[in-house]
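2 protein chains.
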Amino acid sequence: MRAPDILIQEVAPRDGLQIEPVFVETAEKVRLVDALSQAGFSRIEVSSFVSPKAVPALADAEDVFGGIRRNPRTMYVALVPNRKGAERAIAAGAGEINFVMSASETHNRANMGMRHEQSLAALSDIVGPAHAAGLSVNATIATAFGCPFEGIQAFTKIRRIVREYLDFGVDGITLADTTGMANPRRVEHLVQDVLKQVPSDKLTLHFHNTRGLGLVNVLAAHEAGAFRFDAALGGLGGCPFAPGASGNVCTEDLVNLCDEIGLDTGLNLTALLQLSATLPQLIGHEVPGQVVKAGRPLDLHPVPEKLRDG
Amino acid sequence: MRAPDILIQEVAPRDGLQIEPVFVETAEKVRLVDALSQAGFSRIEVSSFVSPKAVPALADAEDVFGGIRRNPRTMYVALVPNRKGAERAIAAGAGEINFVMSASETHNRANMGMRHEQSLAALSDIVGPAHAAGLSVNATIATAFGCPFEGIQAFTKIRRIVREYLDFGVDGITLADTTGMANPRRVEHLVQDVLKQVPSDKLTLHFHNTRGLGLVNVLAAHEAGAFRFDAALGGLGGCPFAPGASGNVCTEDLVNLCDEIGLDTGLNLTALLQLSATLPQLIGHEVPGQVVKAGRPLDLHPVPEKLRDG
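Taken in sequence, the protein lines are chains W and P.
To convert, note that position 274 of the first sequence is 292 in this note's numbering; the numbers rise steadily by one, no gaps.
To convert, note that position 56 of the second sequence is 74 in this note's numbering; the numbers rise steadily by one, no gaps.
For the record, the hints were derived by calculation from the structure and aren't laboratory data.
One thing to keep in mind: the hints can contain errors.
Since the list gives no way to pick one copy over another, a pair counts as held whenever it fits inside one copy or between any two copies.
[To be verified] Straight-line alpha carbon distances no greater than 30 Å define the calculated DSBU-like cross-link-like pairs of lysine-lysine that follow: (1) Lys102 <-> Lys324; (2) Lys324 <-> Lys71; (3) Lys102 <-> Lys175; (4) Lys175 <-> Lys324.
As the structure is a computational prediction, the values presented were derived from the model and not from experiment.
Bound conformation, chain W alone (with noise of 0.2 Å):
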């Protein structure tokens, strides 16, 4: 099977739902995984484990990994903050651990409760365990275009990072716009830089529309040489600092987007959106996703009964 020309990963269930203020019930979770994994994702973020009192939404991880029905062909992959969440990832059966640090260290604090030195030393901690026992570790740097306390992260501290986290011997590294700071200029910059330490088959990018710009990104990465990117359904997802903004880059968008300019993803849109069309009922309110309320650009509409004359 050709590999695809950019490799789409669904974040919906755990970067989409985790900010959901309504609790999505977890056969509807399975529900929702098992459709992703259905419709060809090669990786799906499942779910989170860390404190219940921290992400409630995501509370039944367990429950959801326990639930769902493997697909062979998808990397289910659980999102991880310190060792004992990697306890509780090995044991209920993900595929990948997905370690996540903020390269601003107030916005690790904030969100993580550690700073950085205490979030390398959990990182340290779980990869052993987690190669032991047939995991994969990525290492995502929070905040790597921008922090909402810091500002812009140097270029510096971002290939420091990446040095550190390669040390440590991580399979893959996802530089992630948290708050979507991120602009196509210094997208393509970072990318040509970290491209420079970390193959691209290794390299996820993770964009947010919180500003509308995250196809933009999308486009500016890929042109650097960047193939694999975060997206979730529906455009779920946000920004507590943002309310009523855009959330994750909206994978059927980004999807649609490809078909158009003849980038190949191996999904299948038609699907997707029929998928996408049943996520207002689950979380209760509209998403931001435009493909799936304006339909495909070349499906047609008839044309007005008054102009059938000839």
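Model the placement of chain P on the given structure of chain W, informed by the hints.
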């Protein structure tokens, strides 16, 4: 004064308000247009001289033109489909007539009630009187990137209409993606093609964000050599075929993008955000614009109290 890298032309009063179900009072429209001219837009599409039955939201076009305070640096534009509309625009003191015909004959008949030959006859009736009265004439090719009834429009057809427009002596040409069917690859190719016929200072690109690709398409057109773009404050506007989808490219989101990547627009983002924030009260609902909800990328947030320990 240095010319901007990207010239953003504001269309919210016309293309934004025309689809709103609630009639915006004339005095409010005048206030909006005046605020936009004070914000520094060199070209504002103010209203349409069409049948009030066809577009009741803009039935007060004469009164709006009569009420605004003219900024000598601003070109005040009226959309016009035919000779009668042109006479009204001249009488109302418009600085420019924007004539519209769809590349798709089906769309032109559905939207304007005219075949191509009728629209072109109307244009030939308009240019002379408009020029004689001191107005310039811009001619728009609607559905240039696709028609919801006919689908893709051939480059040869667009090229022929551009030629016809130029032969009639128009002063500028707009390629409009009326229902948001454009993609960056087609944009690049069509802009390169049309720039062989029309110099870049006479070519405007008008994109809608119906499928989330508005800013992507602006960047693609800019890279292909275009620099004049229509946009609407708040991303107002919409498409009758896509209920709930986004409208025009959002002015302030585009200005933010340009600011972030170092393209000068000559516009002040802070002032635009303040103005955009008044729109929901004006039209009675939220607007699609993202930056007005999320703030500028480097509008930082205070460090949480609990972390201020040193």
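### Task
Identify every previously stated hint that the structure contradicts and give their numbers, smallest first.
none
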